[in-house]
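**Student:** Note that numbering that gives the first Met the number 0 has the sequence shown beginning at 0, numbered continuously upward.
Heads up, a few of these hints could be off.
Unchecked claim - Distance ranges between label pairs, derived from CB positions: (1) Gln392 - Ser177: 18 to 28 Å; (2) Glu314 - Glu113: 49 to 59 Å; (3) Glu113 - Gly159: 12 to 22 Å; (4) Ser185 - Asp398: 38 to 48 Å; (5) Glu314 - Gln392: 33 to 43 Å.
Treat the hints as calculated values from the structure; they're not laboratory data. Yeah, the Cβ is synthetic: ideal placement off N, Cα and C, and Gly gets one too.
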Amino acid sequence: MDSKIKRLTILAMLGSMVLVAAVIVVFNYERFVSTGSTAKQEQTTETEGALEEDGMVKGADLSAFLQDETFFDHEKNTYEKAMEDGTQTESDTDVTLLATSVEKDIRIKVVDAEGKTVEGYPFVLSVGDLGNYQDTDEDGMIYISGVRPGEYEITLADAGEYTCTSPSLDVRVKAMVSYMPIEDISYLIRSESEVDASIEDTESDEVDGDDSQYTALLDTDSQDKPIELGIDVSKWNGGIDWDVVKAEGVDYAIIRCGYRGSSSGWLIEDPYFWQNLQNAKKAGVKVGIYFFTQATTMVEAVEEASMVVTLLGGETLDYPVFIDTEGAGGNGRADGLDADTRTMVCESFCRTIENAGYQAGVYASCNWYRNNLHAEDLDAYKIWLAEYRQTPQYEGRYDMWQYTSSGSVAGIEGRVDLNVSYIQSYAN
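Build out the structure end to end from the sequences listed, making use of the hints.
**Tutor:** Following this line, the structure appears as structure tokens:
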């Protein structure tokens, strides 16, 4: 009995302790929950405060990214928007070097991430064992001539606040002009919006004869040999309705793709080139190309031909690519060339065009063929003669004849050059 009473006593005490503990929990539960809630609220408030302060999520709240409105919305990504609108400065100082060589020369250009020339700083470039060269006019370009053939390493010796994205650039200087298109010529090409076209685009008509009496397309039936009727156009002709032009009886068009600036020497694309080329083709008009040259060396002629090839981008042609050699108002950079140099320029252009797979030709007036060129040295190429008479007086061979600059063709506002071709068009 004593043992049984003892066990009952112990159980009674344990029960009393459990009861006391339960009472304590019940009376303190509300306070416990309130305290925990307050602590959690304080933690959340602290996190939100950090987020509001700098837009970054801090701490261990793994769901805080849900409070970032740009996390899932691509359009609200502030970094990309800054890159687009130009306010991002982190990479504004990154530059890259580009270099080419045609013949015993090096042309170097400093460009930004968009491929645009970096101007306004006198960069200093180290060129192999040749030493340092400074961009004194701060145009982002350095041209070095008279360089012996070989391999050269180019580095930025002084870039100021700019950082070059690659430590160095290797270029191979050629011993002779190879008459092959320069693959990376695009960095020398400018749009008209980047230049003063009023002083750069100054080609002038210096053609023999009076063109005022010939304003209509010739009658093909009156010719003693097969001909095709054509026009040549550029930005000066404005927008053209090519379907109407085709209906008027125009067989082909020689379209200007660009020109070298008469003052600066920049390679400049004609702003109407691409739309003229595409729309003429769509209308069924055969097409060829011309480029107004202001090259003073064979190297520059290769550059001009390379620009044509680059702009064409593999487009097929029906007629040749012509180099247009004529005056630029007397003040053009190439106006004073002698006949030897001018002829070599034309040859260099044509050889480069042919090596790109296109047919090549030369455009000039009767006077220029007689006095400013050695026409006999250009016999391998198509000759496009400008002479404004009923019958040309030029004694040499010619394959196309521009007989007026005062033509009138429906679909084109104002005057337009008219031509006849004695050659059959080709398919490139």
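**Student:** Is it true that Gln392 and Ser177 lie within 18 to 28 Å of each other by Cβ?
**Tutor:** 39 Å, violated
**Student:** Confirm or reject the claim that Glu314 and Gln392 have a C-beta distance inside 33 to 43 Å.
**Tutor:** Since the Cβ atoms of Glu314 and Gln392 sit about 36 Å apart, the hinted range of 33 to 43 Å holds.
**Student:** Look at the Cβ atoms of Glu113 and Gly159 and judge whether their distance stays inside 12 to 22 Å.
**Tutor:** Roughly 19 Å apart at Cβ, these two residues keep to the hinted range, so it holds.
**Student:** Just to be sure I understand the hint, the distance between the Cβ atoms of Glu314 and Glu113 should be within 49 to 59 Å; is that true here?
**Tutor:** Taking Cβ atoms as reference, Glu314 and Glu113 lie about 25 Å apart, which means the hint is violated.
**Student:** Return holds or violated for the Cβ distance of Ser185 and Asp398 against the range 38 to 48 Å.
**Tutor:** Given a distance of about 31 Å, which is not inside 38 to 48 Å, the answer is violated.
In summary, the structure is inconsistent with hints 1, 2, 4 from the numbered list given earlier, while agreeing with the others.
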